[in-house]
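Undergrad: Single-letter residue listing:
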Amino acid sequence: MIPELGNFALILALLVAIAQSTLPLAGAAYGEPRLMALAQPAARAQFLLVVIAFACLAAAFVGNDFSVLNVATNSNSELPLHYRFAATWGSHEGSLLLWTLMLAGWTFAVTLFSRNLPPVLLARVIAVMGWVSVGFLLFLLFTSNPFERLVPPAPEGRDLNPLLQDPGMVIHPPMLYMGYVGFSVAFAFAIAALLGGRLDATWARWSRPWTTVAWAFLTIGIALGSGWAYYTLGWGGWWFWDPVENASFMPWLTGTALIHSLAVTEKRGAFKSWTVLLAILAFSLSLLGTFLVRSGVLTSVHAFATDPARGVFILAFLALVVGGSLTLFAWRAGKVGLGGIFGVVSRESTLLANNILLIVAMASVLLGTLYPLFLDALNLGKISVGPPYFDAVFYPLLAPAVFLMGVGPMARWSKASLPDLWTRLRWALAVAVVAAVILPMILGRWSPLIAAGLFLALWVIVSSMVSLRTRLAGSHRRGLIAKLAAISPSYYGMLLAHLGVAVFIVGVTLVKGYESEQDVRLDVGQSIEVGGNAFKFLGVAPGPGPNYRTLTGTFEVRKGGRLIETLKPEKRIYNASGQAMTIAAIDIGLLGDRYVSLGEPLAPDAIDGAWGVRIYLKPFIDWIWAGAFLMALGGFVAVCDRRYRLAIRHSAAIGSAAGAGAPAD
Amino acid sequence: MKTLRWSIPLAIFAILVAFLWVGLSRDPREVPSPLVGKPAPEFALAKLHAPNETLTPGDLKGKVWLLNVWASWCVSCRVEHPLLVELAKADIVPVYGLDYKDEPDAGRAWLAQHGNPYTDSIVDRDGRVGIDYGVYGVPETFLIDKAGIVRYKQIGPLTPEALKQKILPLVRELQR
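Same order as they appear, the protein sequences are chains A and B. Take the first sequence: its letters are residues 8 to 672, numbered as in the numbering used here. Take the second sequence: its letters are residues 14 to 189, numbered as in the numbering used here.
FYI, nobody ran anything at the bench for these hints, they're computed from the structure. It is possible that some hints are incorrect.
Cβ-Cβ distance ranges computed for the label pairs, FRET-style [said to hold, decoys possible]:
#: 1; chain 1: A; residue 1: VAL158; chain 2: B; residue 2: ILE28; range: 13 to 21 Å
#: 2; chain 1: B; residue 1: ASP72; chain 2: A; residue 2: GLY596; range: 35 to 43 Å
#: 3; chain 1: A; residue 1: ASP398; chain 2: B; residue 2: PRO182; range: 45 to 53 Å
#: 4; chain 1: B; residue 1: ILE28; chain 2: A; residue 2: ARG165; range: 34 to 42 Å
All C-beta atoms in this analysis are idealised placements derived from N, C-alpha and C, irrespective of residue type, glycine included.
Work out the full structure, taking the sequences as your base and the hints as a guide.
TA: Shown next, in the form of structure tokens:
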């Protein structure tokens, strides 16, 4: 009964979405306020219906209803409650329902927070989001129905993929999807602006907070996924340039470019058509990512069940949404105009250069991800593009972009002078260079790459400090506290996000430069020395888990003879699927991690015999995720700026003064 | 002219969609192994013809060798088998067999019938070593160098072309 309710709610949601995507558009085109006013209630009703559908699916999972195919293939009665709930989005069907829920949620948020937008714009924005929703609901109902029944019901479920039975996996997809789907708001604003032919500073101001919040969620989502890979895959790596990772990274790079481009459009009215294109691109890449993951055109560690019919559907949808938007762009962008002019050296030019570097980086990731597919399609053979390509292309592109991060905030709008910039930044440059040259010597091994990485990080930190000092010096308030308090949250947000990038770079540089690893055979009682730490293997012991059996190894870590940590890596065999999982044991530290994972038993007797063991020392690796979270925090701080709330009130005043005629909700 | 400039993104996207469309009908699973360039994963398995003895990759340090994953239940293995027997006769490179997810009796019978090209075969009864080697289809063949590093992986049956053009030249180079 409950699954049927969920299915019915989805069908109703589709019908409401169709109304939501057509009637308000017609209203906007013919100036009919009553039709435009349908947008908000329709979006809210759709949200409610999708919530009901999602709750029904969650209930089926929590209640072990194995007469639902999706539950029978992705859950098990032994599975602990929180994982049964998380299994709701652990399958293909469930994750699409989560996507749809997020989309309906973002649309609902737009109806809540944009009540004072001009009614024509709001009607168009909500209608565009409605179109996307129609696509996903059709996809769910026709190719991936999560409520499909299994007759006769299975006595027991096949279990959730053990890789997904992890706290990180519970929150990673919702965060990632919040980001992916959040870009649909910026996308909808861009399409609405193209439809209306009006694109100005107020438009940019409305789009900015939505874009920033989506970007912050995406940042957290990617960081969680990377952290999850680090501790569950047992390889000690944190980024693999896997197609699915790339699929989330491309919208992130584009979103980063969009945030900066929107700032220019808001403050200077420049980059208009470029900003619109970026808004379209960011969401298109989110859709492309979905296509790549769900269609199975590329292989990846994320081995999802794939189905060609689904691939065809998503490709058609992608072609329609992205092709339609880009056609609209080709047709209308010329009318929108290019916006203001600016000098060769100016804040605009540094931001434009940064934008281009980010987009070229994104394109190179896209090329690397799709290259195997291109070659295969042209019958030129099967290849895989690995980390060497991405490393070779990516670092040289991002290094100048990071360098510009230090210059941009110091450059004046419209026209800056190079000598002036030089005077203000030369000390920052000197400090960064000297420290970057000396630090690697202290840390133990000097290499040009380590020095270069540290230079970039230090440069961002020091130049941010110079920028803050310049701000404080220019303030008319008295006293440091008052001066600090007078600075806007959006400036602090930028500072935090930029510092996040620096922290991230420190992590990447030092872990790449100084990590050590040992892949060894250890007998019980045997010790091995890795980077000044003695790891002693005390043997393994069997034990039960809630839905698995486990072999837990015990390792004593000593430094200079003193016991500093006991690590217990696990090897689990899940009861229902018989799949094995390696759970690494990690001693996390500010200055680095000690990481032990069990390989395979090398003797017939797994308990008392020798084991293959992987031991890693990962200096500063946690800085990678700390940096990412700082970036996201910067995004959240930036949207607290009063300016956005004032903008809404201000525009409402204009809207009513202009007498748009439609009743504002 | 001006509209043309704004159409560039659309044109790029159209090309992309065309490729994705073709890509949908292809099988992307055939990609080289991430193991290439990495040490061959450890194992210690019983020999097929001497169940009391075990073999580990460490025993073969200093030799260039092929690890061929096969099974008595595997149909494509019969396709490549004559080639392996010929290779063994030529005595260029030792071939070790990994009898994957197989009954030792069935494996021995199969070799007796089709000829035994292997210096030694080892039995991976529950397929756990196969997981370490990323085996997802039998047969597969790995080329491992003197230092125990995987240098090449052939997915699916060995072909005379692959052997002549890729594997044997690589073997000669590594044996130097």
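Undergrad: For each hint, tell me whether it holds in the structure or not.
TA: Structure-based check of all given hints:
In this structure the hint that VAL158/A and ILE28/B lie 13 to 21 Å apart at CB is violated, the actual value being about 46 Å. Separated by about 39 Å at the C-beta atoms, ASP72/B and GLY596/A satisfy the suggested range of 35 to 43 Å. Distance hint for ASP398/A and PRO182/B: a CB-CB separation of about 28 Å, inconsistent with the stated range 45 to 53 Å. Range check, ILE28/B to ARG165/A: Cβ separation about 41 Å, and the 34 to 42 Å hint holds.
Hints 1, 3, counting from the list given before, are not met by this structure.
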